[in-house]
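*Asks:* Please assemble the complex out of the two chains, which come individually in their own frames, going by the hints.
Each chain, letter by letter, is given below.
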Amino acid sequence: MATGEGTRLRPPNNSLNERAIGWWRVQWLTLTVVVAGILAVLGALIAPARAWLLIPAAALAVLGLACTALIPVWWFRVHRWEVTEEAVYVRTGFFWQEWRIAPMSRIQTVDTVRGPLEQLFRLSTVIVTTASSKGAVRIGGLDHELAAELAERLTRITQATPGDAT
Amino acid sequence: MSDVPEAPGTSDAPVVPGAPAVPEVPAVPGVPAVPEAPAVPSVPALPDSPDSVAASEDGWRRLDRRTLLVTVVVMTGVVVGAGVPTGIGLSGALPPGEVFAWLLGGAVLLIGGGTGADYVRWRRTRYRMGPERAELHTGLFLVKRRSLARERIRTVDLTANLLLRLLGLVKVRIGTGEQTGGESTLELDPVTRAEGERLRTELLGRAPGAAGAPGEGMLAVLDPAWIRYAPLSFVPVALGGAGIGGLFQVADWFGVQNRAIHWAGDQFRGISPVWVVALIVGLAVATGLAGVVAALALWIEMWWNHRLEREPGGTLRVRRGLFTSRSISIEERRLRGVELVEPIGVRLVGAARVDAIATGLAQDDDAEEMDQKTLLPAAPRAVADAVAARILREPASPTSTVRLVPHPRAARARRLRWALSSVLLPLAVVAALGLLLTDVLVVIAAAGAVVLLPLAVLMALDAYRGLGHGLGGAYLVARSGTVRRTTVALQRGGVVGWTVRQSFFQRRTGLLTLTATTAAGGGAYHVYDTAEGEGLTFAAEAVPGLLEPFLIRERAAERPSGPGR
Numbered sequence: 001m002a003t004g005e006g007t008r009l010r011p012p013n014n015s016l017n018e019r020a021i022g023w024w025r026v027q028w029l030t031l032t033v034v035v036a037g038i039l040a041v042l043g044a045l046i047a048p049a050r051a052w053l054l055i056p057a058a059a060l061a062v063l064g065l066a067c068t069a070l071i072p073v074w075w076f077r078v079h080r081w082e083v084t085e086e087a088v089y090v091r092t093g094f095f096w097q098e099w100r101i102a103p104m105s106r107i108q109t110v111d112t113v114r115g116p117l118e119q120l121f122r123l124s125t126v127i128v129t130t131a132s133s134k135g136a137v138r139i140g141g142l143d144h145e146l147a148a149e150l151a152e153r154l155t156r157i158t159q160a161t162p163g164d165a166t
Numbered sequence: 167m168s169d170v171p172e173a174p175g176t177s178d179a180p181v182v183p184g185a186p187a188v189p190e191v192p193a194v195p196g197v198p199a200v201p202e203a204p205a206v207p208s209v210p211a212l213p214d215s216p217d218s219v220a221a222s223e224d225g226w227r228r229l230d231r232r233t234l235l236v237t238v239v240v241m242t243g244v245v246v247g248a249g250v251p252t253g254i255g256l257s258g259a260l261p262p263g264e265v266f267a268w269l270l271g272g273a274v275l276l277i278g279g280g281t282g283a284d285y286v287r288w289r290r291t292r293y294r295m296g297p298e299r300a301e302l303h304t305g306l307f308l309v310k311r312r313s314l315a316r317e318r319i320r321t322v323d324l325t326a327n328l329l330l331r332l333l334g335l336v337k338v339r340i341g342t343g344e345q346t347g348g349e350s351t352l353e354l355d356p357v358t359r360a361e362g363e364r365l366r367t368e369l370l371g372r373a374p375g376a377a378g379a380p381g382e383g384m385l386a387v388l389d390p391a392w393i394r395y396a397p398l399s400f401v402p403v404a405l406g407g408a409g410i411g412g413l414f415q416v417a418d419w420f421g422v423q424n425r426a427i428h429w430a431g432d433q434f435r436g437i438s439p440v441w442v443v444a445l446i447v448g449l450a451v452a453t454g455l456a457g458v459v460a461a462l463a464l465w466i467e468m469w470w471n472h473r474l475e476r477e478p479g480g481t482l483r484v485r486r487g488l489f490t491s492r493s494i495s496i497e498e499r500r501l502r503g504v505e506l507v508e509p510i511g512v513r514l515v516g517a518a519r520v521d522a523i524a525t526g527l528a529q530d531d532d533a534e535e536m537d538q539k540t541l542l543p544a545a546p547r548a549v550a551d552a553v554a555a556r557i558l559r560e561p562a563s564p565t566s567t568v569r570l571v572p573h574p575r576a577a578r579a580r581r582l583r584w585a586l587s588s589v590l591l592p593l594a595v596v597a598a599l600g601l602l603l604t605d606v607l608v609v610i611a612a613a614g615a616v617v618l619l620p621l622a623v624l625m626a627l628d629a630y631r632g633l634g635h636g637l638g639g640a641y642l643v644a645r646s647g648t649v650r651r652t653t654v655a656l657q658r659g660g661v662v663g664w665t666v667r668q669s670f671f672q673r674r675t676g677l678l679t680l681t682a683t684t685a686a687g688g689g690a691y692h693v694y695d696t697a698e699g700e701g702l703t704f705a706a707e708a709v710p711g712l713l714e715p716f717l718i719r720e721r722a723a724e725r726p727s728g729p730g731r
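In the order they appear, the protein sequences are chains A and B.
Numbered as in this note's numbering, the first sequence ends at 166 without a single skipped number.
Numbered as in this note's numbering, the second sequence ends at 731 without a single skipped number.
It should be emphasised that the hints constitute simulated quantities derived from the structure, not laboratory data.
Ideal Cβ placement from N, Cα and C applies to all residues, glycine included.
Treat the hints loosely; a few may be bogus.
Said to hold, decoys possible - Straight-line Cα separation of at most 35 Å, DSBU-like style, residue types lysine-lysine; simulated pairs:
#: 1; chain 1: A; residue 1: 134; chain 2: B; residue 2: 310
#: 2; chain 1: A; residue 1: 134; chain 2: B; residue 2: 337
#: 3; chain 1: B; residue 1: 310; chain 2: B; residue 2: 337
To be verified - Residues of chain A clear of chain B, computed beta-carbon distances all greater than 12 Å:
#: 4; residue: 42
#: 5; residue: 44
#: 6; residue: 48
#: 7; residue: 50
#: 8; residue: 51
#: 9; residue: 55
#: 10; residue: 59
#: 11; residue: 116
#: 12; residue: 155
#: 13; residue: 160
Claimed, not checked - Now the stretches of chain B that chain A is said to cover, found in silico as 3 or more residues with beta-carbon under 8 Å:
#: 14; stretch: 655-669
#: 15; stretch: 676-688
Extracted from the complex, chain B is given alone in its bound form (with noise of 0.2 Å):
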């Protein structure tokens, strides 16, 4: 709790060469001179030597300087990355000293601006983590000025990517459980790594249980044959068609993606029509090659050296990453339960995910925050339970353990109504094209009929096996889908409240669609279609006394017209 002086940024700095790149004043032209703190009064004034980054007699502290030398760097790509292209560009119209000039002129000013940008920013930037709450105020003109209270925060990740990391730093985020996104989240970017830990420790570690406490230590480690289910998801197919559009938008950018396309055309000339059948068939693959190869290296660079730990004071940990090293923490009182999610690639060789289920954990669309959530990356389905049962200290995973109860066989025959309509309205609009038109598209939908009608049935019944539900001990067993298939296990005390749906077509074949709601992860996990009496029994059963007052329990009652006020 108490917090011990030290000075970030001067303890365990490596010497970095080129250092002096911090100013001591912003001599930037075009920055705002700091203002000095009669815009807030009632900040603590900071002594106004930079060398003071140690914590003040009062508890407020500094980020790390150290955040102008990445800046800089990070500046520098950008002028790097951008003035080549454009003195390219460029050096056909003008003469080359006057590019030079130009360039030159820019990447003092990008370079210059944003470091005094940062330095301001630096300046206006302290924390205090004080016995009550946490506070930070950052801003410039519009002082902001956040602080949470210290029993209410509940996630401290630390996150350094490979600049931060060679300089010894990282950003850390202190969140606390609501889920209102950024508001009630911290940042601080950057701290010395040895200040990440501590804010980690201190923050988190305030209810020490007994040390070395059964189901503590290592819950699982990264086996590096994992790697085989990299490619299984939809990532490589994404990142194949992004690295052809990447080409053709480099091309574009040199004018030359006209001149591309015209030449592949006039090399396609005069060849016979199996070269050509053969050059897309190339294509393809080689597109597939280049998406599984990015696939690996984004599970490696993602997943490498990935750690599951359950420390003591009850906090789970995931460390992980290559080049950008993550660490996330998760409240073990936050957790809600697990989802094991099945892609349906990795479904088909066995295998799953695990994410938890936690409040406070970070909700935005972010592709990286997506992430935070997940436990263990696809692992043999064995594994992926027994790492379950770790994480909720049971003997078994719910997961694995509970039985299920099917949904009734109207479940089924809705999910089949649904696949052959997907499929049979589309191709009816074509074939009615065609018959208008061409016989052409008559063929193609009678072609596509043929391809795409056993898949969707296979992909229905599939769906409707998947479906079911179940009681497990504390937890509530959900499971549903196809393509991304999920088994949810969720703490029956982590229920909010329920959400009973059914439309007009569930309801004449007596189907219904359950919600639980809950404070942590998606906010709502669904149960779908299940048998009406037995699905609210179910409900009801689940968290007792919620539901039973508005249950009726016999057969055929008349539907009461319910007096008025």
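Pulled out of the complex, with its shape left as it was, chain A reads as follows (with noise of 0.2 Å):
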């Protein structure tokens, strides 16, 4: 019962591109304008219930900017990956943190996905799936250039490892 006491997983060694601060913020932002425009605009046209609107719309916004500001920090600190031999390793989220490990031998595809936002920000998310429906690692937020490098070099360590990784 008490082997292993005191184990814990290591963060991975590569923090995210910079960036990628800015392309939450921007995410984070529109979401906050989108919804509490909406309530804003609802709130002007409907007079009998322009409080109940408008408060809630301020609130939500003030909210959402304090989120625009603070949450991408945070994650640039808590998202992170790694790239060895043997496999590739990823951490995210903060209060529902997430670790996940798929050995290269298992990988089964590596892409490269970039969003109109994040063509704008000069950043790319690579997707790496295993045969598990479940076990796909998603390293968003790095630098394009980075991301067309590093998907080569998983494919090339995949297509190098016999077997149909299941």
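*Replies:* Below, the structure is given as structure tokens:
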């Protein structure tokens, strides 16, 4: 029962690109503007319920702005990744922290995805899937050149590994 | 491997009365005529005569022609089912002759159209089991061509409902290990039973091991006494409720739902409340009984004649079904473990069912597909363990022999907190409303607390007792759940990654949830709320080398701030 007392997972070696903070900020800001904006517009149009709509709108706007300011910085400290010869290792989340480990020998596909916002910030997301439907590992917010290089490296390693990865 | 030309559909066809229902030409108005080959230039042209259902020279085969007969019968059933209520409904508004004419027209259109469409489908569908690939071409305008590499075919399942069985036909589903659902499945609907068996043995029997190797043969045969576990699931409740709902639906069709309710209401008037209560109780009992009977009937239909066997070459095969016969084959190479499932009712009487954890099993939401992975229906626990051991070719099942490490007390506190809050929060709302509005709600809340709180606490304690994990030989064993307790024995070699999760509250109490991802079954199996260090050590041991490089093994190591890249 007492085996492994004090054993912990160490944080992965690499942090994301610092531009990821800006990318997350824009996402939070968009969300805040959309939600608070809809409420505010409704409040402006529906006179009888004005107070009931504008007060939540203001509250959500304040909350959203606070999230925009704080959470990305927080995330940046927590989100880390590492690729060794044997495995891909990623840490995400703060309230629900999650470590994902996928061994090289079981990787099936390596994708690079760039949404419009990510392109603006010259970032990419690398998605590594294994044979499990639940085992995909995402590294979001990498510099796009680094991401391409990483994807290429991962593809090379996994191609050199025999077996059908199940 | 060789495609022996044989004539499915003509060889052992039982004499079917009314077989001339197969038209030579689709003489159905409104159904487009079959376009000729130019639509798909690369498909090898088939000889035009519909009699040449046997393999053509290049190995292309057709489905069995009697699919048309099946369609006619099914459509006739639909027409009768829909036509009778419609006829009754219309008879009030129209003269009988006109009603009859309308119904007849509709019936001809439906049966003719359905059969014509099926004829086109039959004409345009062909399949071939080549040396390299299994191919299926189908579709009218949009020609779908699917081909599966023979070496990737993992399952060949045969099902036949009553109608198909009477005609000696089966539906064949050929699947690969992909989890992408329908795209990687070939469905041949229908072929003769002999052809289905031939496909099955040919496609799965490519690596015949030493015949009569240990562990082959019959692994489990259904004991009819196990039917006693059928009513213990949630099925009876659901079926009983569905029955009542169905009655009301029928009443609604005939426009008498309100009348029925009023009638019932009238009966109650002037009767003492004691009788009303007795009547309600009686009704509930009747519903329950109906549900139980339905559950028993369902069990018989599903599991009758159930046999689990291992065939030479390492394929597990389940055969079962009273009316609809099903044959499910799971290649042993695809098996990653077994899962012992104990729904609470079944568990209380000491029984369990055995599910396979295998890659490439259908993952559809379909209830029927869900049962594909069940290797043994609810049976006494000892039998389930013995069968699991035989399935895994182990002397004893890891699900019974591995000593499971219990989880820390913090996990119990967590479960108690969840249980109490899930009961107390709704009750608090009810009580608060009661204080504002009426005292009745306060009484209800108090009564609810008296009944539900002990129940919730019991369930939380039971859930905690159920938690456990351990390693046994080649298997990783994890147990959890109270309403549906599962004991998973997963091959350590089948783990394709680890996910470790820790919520804010788990972090404060030193717990974490481990998730072994795998290509098989549900894709992920959880070990909930283990002690932080012990759980990580367990995960590292279970899959040597994977987690080890990322662990810190000393006490009170300060959190390194990790240099950037």
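*Asks:* Does each hint fit the structure? Answer for all of them.
*Replies:* Okay, the hints, checked on the actual structure:
no.: 1; hint: 134/A <-> 310/B; in the structure: holds (29 Å)
no.: 2; hint: 134/A <-> 337/B; in the structure: holds (31 Å)
no.: 3; hint: 310/B <-> 337/B; in the structure: holds (19 Å)
no.: 4; hint: 42; in the structure: holds (28 Å)
no.: 5; hint: 44; in the structure: holds (33 Å)
no.: 6; hint: 48; in the structure: holds (25 Å)
no.: 7; hint: 50; in the structure: holds (27 Å)
no.: 8; hint: 51; in the structure: holds (23 Å)
no.: 9; hint: 55; in the structure: holds (23 Å)
no.: 10; hint: 59; in the structure: holds (23 Å)
no.: 11; hint: 116; in the structure: holds (26 Å)
no.: 12; hint: 155; in the structure: holds (17 Å)
no.: 13; hint: 160; in the structure: holds (18 Å)
no.: 14; hint: 655-669; in the structure: holds (count 9)
no.: 15; hint: 676-688; in the structure: holds (count 6)
Hint compliance for this structure: every hint is met.
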